[in-house]
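Student: If you want the building blocks of each chain, they are given just below.
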Amino acid sequence: MSEKEEHLDAPAAAQSSGEPVIRSADDSAKGYTVHAEDWHFDEVRVYVSGTVSMDNAEHVRRDLVRAVTAQPMKNVLIDLSKVEYFDSSGAAILLDIFRVTDELHTSLRLVNVPERIRSLRDFADLDRHIESGILQPRPEPNLLIQIGEGMLQLHRNTVDILTFIGAAVEALIHDVARPGKLKWDRLWKLVDKAGSDAVPIVTLLSFLMGCILAFQAAVQLRKFGANIFVADLVSVSICLEMGPLLTALIVAGRSGAAYAAQIGTMQVTEEVDALRVMGIDPIRYLVSPRILAVALALPCLTLIADLAGILGGCLVAAFSLDITPVGYFNQVHKVLEFTDVMKGLIKSFVFGIEIAMIGCLRGFQVRGGAESVGAATTSAVVTSIFILTVTDAVFAVLFYYGPSF
Amino acid sequence: MSEDLQSNHTASPPIISVRNLTVGYGDEIVLRDVSFDVLQGEVLAILGRSGCGKSTLFKAMVGLIEPIQGEVYIDGEKVLPVLEGASEKILRKVGVLFQSGALFSSMTLAENVAFPIRLFTKLAERIVERLVMLKLAEVGLTGKERLLPSELSGGMQKRAALARAMALDPKILFFDEPSAGLDPVTSAEIDQTILRINATLGTTVVIVTHELHSILTVADRVIMLDKDEKNIIAAGSPWELKENARDQRVVDFFNRSPADDRGPVR
Numbered sequence: 011m012s013e014k015e016e017h018l019d020a021p022a023a024a025q026s027s028g029e030p031v032i033r034s035a036d037d038s039a040k041g042y043t044v045h046a047e048d049w050h051f052d053e054v055r056v057y058v059s060g061t062v063s064m065d066n067a068e069h070v071r072r073d074l075v076r077a078v079t080a081q082p083m084k085n086v087l088i089d090l091s092k093v094e095y096f097d098s099s100g101a102a103i104l105l106d107i108f109r110v111t112d113e114l115h116t117s118l119r120l121v122n123v124p125e126r127i128r129s130l131r132d133f134a135d136l137d138r139h140i141e142s143g144i145l146q147p148r149p150e151p152n153l154l155i156q157i158g159e160g161m162l163q164l165h166r167n168t169v170d171i172l173t174f175i176g177a178a179v180e181a182l183i184h185d186v187a188r189p190g191k192l193k194w195d196r197l198w199k200l201v202d203k204a205g206s207d208a209v210p211i212v213t214l215l216s217f218l219m220g221c222i223l224a225f226q227a228a229v230q231l232r233k234f235g236a237n238i239f240v241a242d243l244v245s246v247s248i249c250l251e252m253g254p255l256l257t258a259l260i261v262a263g264r265s266g267a268a269y270a271a272q273i274g275t276m277q278v279t280e281e282v283d284a285l286r287v288m289g290i291d292p293i294r295y296l297v298s299p300r301i302l303a304v305a306l307a308l309p310c311l312t313l314i315a316d317l318a319g320i321l322g323g324c325l326v327a328a329f330s331l332d333i334t335p336v337g338y339f340n341q342v343h344k345v346l347e348f349t350d351v352m353k354g355l356i357k358s359f360v361f362g363i364e365i366a367m368i369g370c371l372r373g374f375q376v377r378g379g380a381e382s383v384g385a386a387t388t389s390a391v392v393t394s395i396f397i398l399t400v401t402d403a404v405f406a407v408l409f410y411y412g413p414s415f
Numbered sequence: 081m082s083e084d085l086q087s088n089h090t091a092s093p094p095i096i097s098v099r100n101l102t103v104g105y106g107d108e109i110v111l112r113d114v115s116f117d118v119l120q121g122e123v124l125a126i127l128g129r130s131g132c133g134k135s136t137l138f139k140a141m142v143g144l145i146e147p148i149q150g151e152v153y154i155d156g157e158k159v160l161p162v163l164e165g166a167s168e169k170i171l172r173k174v175g176v177l178f179q180s181g182a183l184f185s186s187m188t189l190a191e192n193v194a195f196p197i198r199l200f201t202k203l204a205e206r207i208v209e210r211l212v213m214l215k216l217a218e219v220g221l222t223g224k225e226r227l228l229p230s231e232l233s234g235g236m237q238k239r240a241a242l243a244r245a246m247a248l249d250p251k252i253l254f255f256d257e258p259s260a261g262l263d264p265v266t267s268a269e270i271d272q273t274i275l276r277i278n279a280t281l282g283t284t285v286v287i288v289t290h291e292l293h294s295i296l297t298v299a300d301r302v303i304m305l306d307k308d309e310k311n312i313i314a315a316g317s318p319w320e321l322k323e324n325a326r327d328q329r330v331v332d333f334f335n336r337s338p339a340d341d342r343g344p345v346r
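Chain order of the listed sequences is A and B.
Heads up, the first sequence is in the working numbering, so the first residue is 11 and it goes up one at a time.
Heads up, the second sequence is in the working numbering, so the first residue is 81 and it goes up one at a time.
These aren't lab readings, by the way, just hints derived from the structure by calculation.
It is possible that part of the hints are untrue.
Unchecked claim - Not close to chain B: a few residues of chain A, all C-beta gaps over 12 Å, as computed:
{"hint": "1", "residue": "TRP49"}
{"hint": "2", "residue": "LEU164"}
{"hint": "3", "residue": "ASP185"}
{"hint": "4", "residue": "ARG188"}
{"hint": "5", "residue": "ASP195"}
{"hint": "6", "residue": "ASN237"}
{"hint": "7", "residue": "ILE260"}
{"hint": "8", "residue": "ALA268"}
{"hint": "9", "residue": "ILE290"}
{"hint": "10", "residue": "ILE397"}
{"hint": "11", "residue": "ALA406"}
Said to hold, decoys possible - Just so you have them, the derived chain A footprint on chain B, three or more residues with Cβ under 8 Å:
{"hint": "12", "region": "189 to 195"}
{"hint": "13", "region": "203 to 210"}
{"hint": "14", "region": "221 to 234"}
Beta carbons are placed, not taken as given, at the ideal position from N, Cα and C, and that holds for glycine.
Produce the entire structure from the sequences given, and follow the hints as far as they go.
Tutor: As structure tokens, this is what we get:
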């Protein structure tokens, strides 16, 4: 039986005891009755009977609170002898009533507690020890703390990234210096997955991109009778920008995300640690083949994308601008230089390294469970898109001001 | 071998009855024509060596996989596959503690425990909060309410998962390998919690396990499955089986002796 400190200083004269007060004896349909009567000049007895379950707990609580607060000066005794069924929600209500009496500075006693909720005794003052609001989100710390934590996070992140880049570059150099030791069949499998499997989607999107570019250009160029320049616009913009960037974005969404999820899951299931205890450097085993694979596959895909895009332009030119395919390709041949294509391929080689690195890095940063893997995958794609665009801008400047080929 | 397995020490109808159950994956049959009852308020352990179909049977009993043949009844009501309209009545009666705990990693402990309560009842937030406190206190996790599962040790995760399984005061609790991966002290604590719930709340408990020590501590009755037989090969009280079993497979299991006679490994 749990009993709180008695507060006997409650003035009793105001309430003279008389006939029993029936607070709420209805709802036999709901399976319970709450019945309160004055007992002493300073005590009110509340009888609960019937069934108290999760389905009617809300009503029981309401009635109990009403019974307890009706005579706020009196101590409360709750008698549970006639209770037939009483589950944890009943215990939860009683905890709540304890809080109510606490606020009224009266005491609450339980008598005839059924065997199955005896253990409640141990938890009776749980309520006072625990801050409430355990189901609310954690309160935000103040701004200074947030800034501090942010800086620490940034520092840790930077160290992580630099360490990872260092380790990856070291592993790469190791592998490239001794190609004999490389596991070529594993590498080809990765190239297959990152490259060959992406051919259909890359071809389709690039072809459509070529069509769209040609179509939009046609609308403008037709006004000046400069139809033939569609070939210039499509071929140069596809080979220099759209081809490499579009392909890289597709591969970032496919392979970059896949690497993050795969390595992240391996991290969660301790597969990465298993590699470590076997003396295998996970960076060398997992990361460097992936970087090589994407760096090899991406230029090939870009070349396919260039071709598909130019073909797409040709199709639109033939149908909506009356340019013959021969005329179109002649113009392409005249304006498109070998260096333009090469610039695109060099870019895509660098993009490939970045995509694989970011994917693997995010995978290695996974801590915890499913949610963290999801976050890593998202972050791999978002970071890739950002870094790819920045790199593309850098290349644009470099190619413009740098030495020409 | 169905009727003779029912123990007859109480007259109340069985709370779970498994009737001629055949389960498997695709063409592979794991268990064939299994029948048994679980009585109200007992602790039943389903035993067997790895791969004998314990977990498959457990999944069929809670409606996670559809039986090829036969039925499972809980409190007289047929268990349907969970996604094909299992009744809310059955779902509320059953709590499941999975082998890995299976706490939702994106939610705090308190939110994990509150999840089924919010789903199945219309209790006000403050009552839900008290209930969550009670349940977490019952498994000894007071003060850890706001932590994420990933911030806890394996044993604590298991206890939190137990709190979630008990959140709605289910009539039946299923445990899949409750002591897997736990230290002896923690697994003994889980055993004690199982016994306490069974004693104070009268909850029927079904445990899938091969942990001898905990079988002997908690189980009123065991049924043992076998891989080759694809059925129950023994049933009865654990001590009785340990002392008197004739079947070599049961003897091997209880004596922890290797099945084939290859002698000690050098």
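Student: If a hint holds in the structure, say so; if it does not, say that too.
Tutor: Hints and how they fare:
For TRP49/A, the condition that its CB be more than 12 Å from all CB atoms of chain B holds, with the nearest at approximately 27 Å. LEU164/A, annotated as away from the interface, keeps every beta carbon of chain B farther than 12 Å; the closest lies near 22 Å. Its beta-carbon lying about 34 Å from the closest one in chain B, ASP185/A satisfies the requirement of being farther than 12 Å from that chain. Look at ARG188/A: its CB is around 40 Å from the nearest CB on chain B, clear of 12 Å, so calling it non-interface holds up.
Interface exclusion of ASP195/A from chain B stands, the closest Cβ pair being 32 Å apart, more than 12 Å. Interface exclusion of ASN237/A from chain B stands, the closest Cβ pair being 56 Å apart, more than 12 Å. The Cβ of ILE260/A sits about 29 Å from the closest Cβ of chain B, beyond the 12 Å cut-off, so the non-interface label holds. Distance check for ALA268/A against chain B: the nearest CB is about 21 Å away, which clears 12 Å, and the non-interface claim stands.
Under the 12 Å C-beta cut-off, the non-interface status given to ILE290/A relative to chain B holds; the minimum distance is some 25 Å. Every beta carbon of chain B lies more than 12 Å from that of ILE397/A, the smallest distance being close to 27 Å; the non-interface claim holds. Listed as a non-interface residue, ALA406/A keeps its Cβ farther than 12 Å from every Cβ of chain B; the least gap is roughly 41 Å. By the rule of at least three residues with a Cβ nearer than 8 Å to a Cβ of chain A, the coverage given for the region 189 to 195 of chain B holds, with 3 such residues.
By the rule of at least three residues with a Cβ nearer than 8 Å to a Cβ of chain A, the coverage given for the region 203 to 210 of chain B holds, with 8 such residues. For a cut-off of 8 Å, the count of residues in the region 221 to 234 of chain B with a CB near a CB of chain A stands at 7, and the three-residue condition holds.
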